[in-house]
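Participant: Under the numbering used here, think of the first position of the sequence shown as 19, with each following residue one higher.
Note that these hints are calculated values from the structure, not bench results.
Some clues are possibly wrong.
What the hints assert, rightly or not - Below, computed lysine-lysine pairings styled on PhoX-like, alpha-carbon distance capped at 25 Å:
#	residue 1	residue 2
1	Lys152	Lys140
2	Lys274	Lys62
3	Lys223	Lys156
4	Lys203	Lys151
5	Lys203	Lys130
6	Lys341	Lys132
7	Lys223	Lys275
8	Lys152	Lys130
9	Lys93	Lys156
10	Lys156	Lys275
11	Lys93	Lys219
12	Lys152	Lys336
13	Lys370	Lys275
14	Lys349	Lys156
15	Lys275	Lys93
16	Lys203	Lys349
17	Lys349	Lys370
18	Lys67	Lys32
19	Lys130	Lys274
20	Lys130	Lys67
21	Lys132	Lys203
22	Lys240	Lys370
23	Lys349	Lys336
24	Lys223	Lys67
25	Lys275	Lys349
26	Lys67	Lys140
27	Lys32	Lys140
28	Lys62	Lys151
29	Lys93	Lys203
30	Lys46	Lys370
31	Lys140	Lys156
32	Lys152	Lys67
33	Lys203	Lys219
34	Lys370	Lys336
35	Lys370	Lys156
36	Lys240	Lys275
What the hints assert, rightly or not - Beta-carbon label-pair distances, calculated as ranges:
#	residue 1	residue 2	range
37	Lys32	Arg55	41 to 49 Å
38	Gly74	Val227	23 to 31 Å
39	Glu139	Cys361	15 to 23 Å
40	Lys274	Glu354	41 to 49 Å
By construction, the Cβ of each residue, glycine as well, lies at the ideal position given by its N, Cα and C atoms.
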Amino acid sequence: MEKSLNNSIEELEKLTARGDLFINENGKVRCYACAHRCLLAEGKHGVCKVRFNFSGELRVPFGYVVGCYCDPIEKKPFYHFLPGTSALTFGMAGCNFHCPFCQNWITSQALKDKNSEVIFEKVTPEQLIRFAKKTGCKSIVSSYNEPLITAEWAKTIFQLATTEGLKCAIVSNGYGTPEVISYLKPYLNAVKIDLKTFDDKKYRKLGGVLNHVTSTISTVFKENIWLEIVTLIIPGFNDDQTELREMARFIASLSKKIPWHLTAFHPDYLMLDNRRTRPSDLIRAVHIAMDEGLEFVYTGNLPGQTQDFENTQCPRCKTTLIKRLGFHAIKMNLSEGGTCQVCNEKIPGVWK
19 MEKSLNNSIE
29 ELEKLTARGD
39 LFINENGKVR
49 CYACAHRCLL
59 AEGKHGVCKV
69 RFNFSGELRV
79 PFGYVVGCYC
89 DPIEKKPFYH
99 FLPGTSALTF
109 GMAGCNFHCP
119 FCQNWITSQA
129 LKDKNSEVIF
139 EKVTPEQLIR
149 FAKKTGCKSI
159 VSSYNEPLIT
169 AEWAKTIFQL
179 ATTEGLKCAI
189 VSNGYGTPEV
199 ISYLKPYLNA
209 VKIDLKTFDD
219 KKYRKLGGVL
229 NHVTSTISTV
239 FKENIWLEIV
249 TLIIPGFNDD
259 QTELREMARF
269 IASLSKKIPW
279 HLTAFHPDYL
289 MLDNRRTRPS
299 DLIRAVHIAM
309 DEGLEFVYTG
319 NLPGQTQDFE
329 NTQCPRCKTT
339 LIKRLGFHAI
349 KMNLSEGGTC
359 QVCNEKIPGV
369 WK
């Protein structure tokens, strides 16, 4: 594998392939990998800065990673998807949002922020799969930046991973299209989506539209792809009781069994003066979600500080089925097929 340090778009443009998710339109190309649906003239880049029109075709990122690690699956976070296992997690450069609180900004904003640099590593799908199997990973996950804008690369990896018996997942901001979900679906076992706020004005400041995110969440759920939702609870931004209740009601309208992770914010990137999320903030948000009927609500980023809300409990008999501390499942009381060993309640998820 060859490593390089560079923050130029030009350097990464060499590591591209012809895209699948576009159409030609009036002498331009229309990308539909995400909900921006950028219409690009010759030589122009999309909002993400990594997809661009070259000679009338869409060029997309391919053949490199800017991060590749063997992580606990709980770090994504997925709590109902192969708990207690490791996931080979890879990412590329670029994002279709510009969140000031991004905790992966070095990667996601690499081509937009002059303070960031790209450390990329040329790699083949075969090398990634070999590494996953060598390290005992049970799944492979596209994360760190926005995976939908690098969907062609992810699909190529996922196709090979599936033949090797690995599960595949993405960690996304949900700013997708029905087309990109359909494109990935044959090789996709799980999706984690960030629901950042339930206020459209706030979403527009981040670079998106609320309706497109909720539509993607609904599409993933209706396509029967395993879905978990995460909200980073940021004091003064999205922790208002009314907004939290609206988010909970939306999730419950799809299914009360969708896991919702409420995670703690720490000052980062451009939001350095905001206070940290306290344990009491998360516990309060959990109770709001549970009041709306959600059965699997979790806290994150404050290990051991939020009562039992890191754990999975049986909704029927209240037995602790999975005990967690931080990113680790330290005790499991689930059958191999995902049923409570006390009352035989079927717990939704992907367990093997």
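Participant: Now, for every hint given, state plainly whether the structure supports it.
Facilitator: We went through each hint and held it up to the structure:
For the hint pairing Lys152 with Lys140, the CA-to-CA distance comes to about 19 Å; that is within 25 Å, so the pair holds. With a C-alpha separation of about 43 Å, the suggested pairing of Lys274 with Lys62 is violated against the 25 Å cut-off. Using a Cα cut-off of 25 Å, the hinted pair Lys223 and Lys156 is violated, with the two alpha carbons roughly 37 Å apart. For the suggested pair Lys203 and Lys151, the alpha carbons sit about 23 Å apart, so the restraint of at most 25 Å is met.
Using a Cα cut-off of 25 Å, the hinted pair Lys203 and Lys130 is violated, with the two alpha carbons roughly 30 Å apart. Distance restraint check for Lys341 and Lys132: the Cα-Cα separation of roughly 42 Å exceeds the 25 Å cut-off, and the hinted pair is therefore not satisfied. With a C-alpha separation of about 31 Å, the suggested pair Lys223 and Lys275 falls outside the 25 Å cut-off, and the hint is violated. Only pairs whose Cα atoms come within 25 Å are accepted, and Lys152 paired with Lys130 is rejected, the gap being roughly 35 Å.
Only pairs whose Cα atoms come within 25 Å are accepted, and Lys93 paired with Lys156 is accepted, the gap being roughly 14 Å. Among the hinted pairs, Lys156 with Lys275 is consistent with the structure: their alpha-carbon atoms are about 24 Å apart, no more than 25 Å. Annotation: proposed proximity of Lys93 to Lys219 is violated, straight-line Cα distance about 30 Å (limit 25 Å). At most 25 Å may separate the alpha-carbon atoms for a hinted pair to count; Lys152 and Lys336 exceed this at roughly 38 Å.
Between Lys370 and Lys275, the direct Cα distance comes to roughly 19 Å. Compliance with the 25 Å bound is thereby established for this hinted pair. Restraint check for Lys349 and Lys156: satisfied, since their Cα atoms lie roughly 19 Å apart, inside the 25 Å limit. Distance restraint check for Lys275 and Lys93: the Cα-Cα separation of roughly 20 Å lies within the 25 Å cut-off, and the hinted pair is therefore satisfied. For the given pair, Lys203 sits about 32 Å from Lys349 by alpha-carbon distance, which is inconsistent with the 25 Å threshold.
A threshold of 25 Å between alpha carbons decides the hint, and for Lys349 with Lys370 the separation of about 17 Å falls inside it, so the pair holds. This hinted pair checks out: Lys67 and Lys32 have alpha carbons roughly 14 Å apart, not beyond 25 Å. Of the supplied pair hints, the one linking Lys130 and Lys274 is violated, its CA atoms being roughly 38 Å apart against a limit of 25 Å. Our distance criterion of 25 Å between C-alpha atoms is met by Lys130 and Lys67, whose separation comes to about 8 Å.
Between Lys132 and Lys203 the CA atoms are separated by roughly 35 Å; this puts the pair beyond 25 Å, and the hint is violated. Between Lys240 and Lys370 the alpha-carbon distance is near 22 Å, which keeps this suggested pair within the 25 Å criterion. Restraint check: the Cα-Cα separation between Lys349 and Lys336 comes to about 15 Å, which is no more than 25 Å; the hinted pair holds. A hinted pair counts as satisfied when its Cα atoms are at most 25 Å apart, and Lys223 with Lys67 qualifies at roughly 18 Å.
The hinted pair formed by Lys275 and Lys349 meets the criterion: a straight-line CA distance of about 22 Å does not exceed 25 Å. Straight-line distance between C-alpha atoms of Lys67 and Lys140 comes to about 19 Å, which keeps the hinted pair within the 25 Å bound. A hinted pair counts as satisfied when its Cα atoms are at most 25 Å apart, and Lys32 with Lys140 qualifies at roughly 11 Å. With a C-alpha separation of about 39 Å, the suggested pair Lys62 and Lys151 falls outside the 25 Å cut-off, and the hint is violated.
Only pairs whose Cα atoms come within 25 Å are accepted, and Lys93 paired with Lys203 is accepted, the gap being roughly 23 Å. This hinted pair does not check out: Lys46 and Lys370 have alpha carbons roughly 45 Å apart, beyond 25 Å. For the suggested pair Lys140 and Lys156, the alpha carbons sit about 23 Å apart, so the restraint of at most 25 Å is met. For the proposed pair Lys152 and Lys67, the alpha carbon gap of about 34 Å is over 25 Å, so the pair is violated.
Straight-line distance between C-alpha atoms of Lys203 and Lys219 comes to about 31 Å, which puts the hinted pair past the 25 Å bound. Proposed proximity of Lys370 and Lys336 is supported: the alpha carbons are some 23 Å apart, at most 25 Å. Our distance criterion of 25 Å between C-alpha atoms is met by Lys370 and Lys156, whose separation comes to about 9 Å. For the suggested pair Lys240 and Lys275, the alpha carbons sit about 14 Å apart, so the restraint of at most 25 Å is met.
A hinted range of 41 to 49 Å for the beta carbons of Lys32 and Arg55 is inconsistent with their spacing of about 26 Å. Checked against the given bound of 23 to 31 Å, the beta carbons of Gly74 and Val227, roughly 29 Å apart, stay inside it. A beta carbon spacing of about 48 Å between Glu139 and Cys361 contradicts the range 15 to 23 Å that was offered as a hint. Checking the proposed 41 to 49 Å range against Lys274 and Glu354 shows it is violated: the Cβ atoms sit about 25 Å from each other.
The structure shown violates the earlier hints numbered 2, 3, 5, 6, 7, 8, 11, 12, 16, 19, 21, 28, 30, 32, 33, 37, 39, 40.
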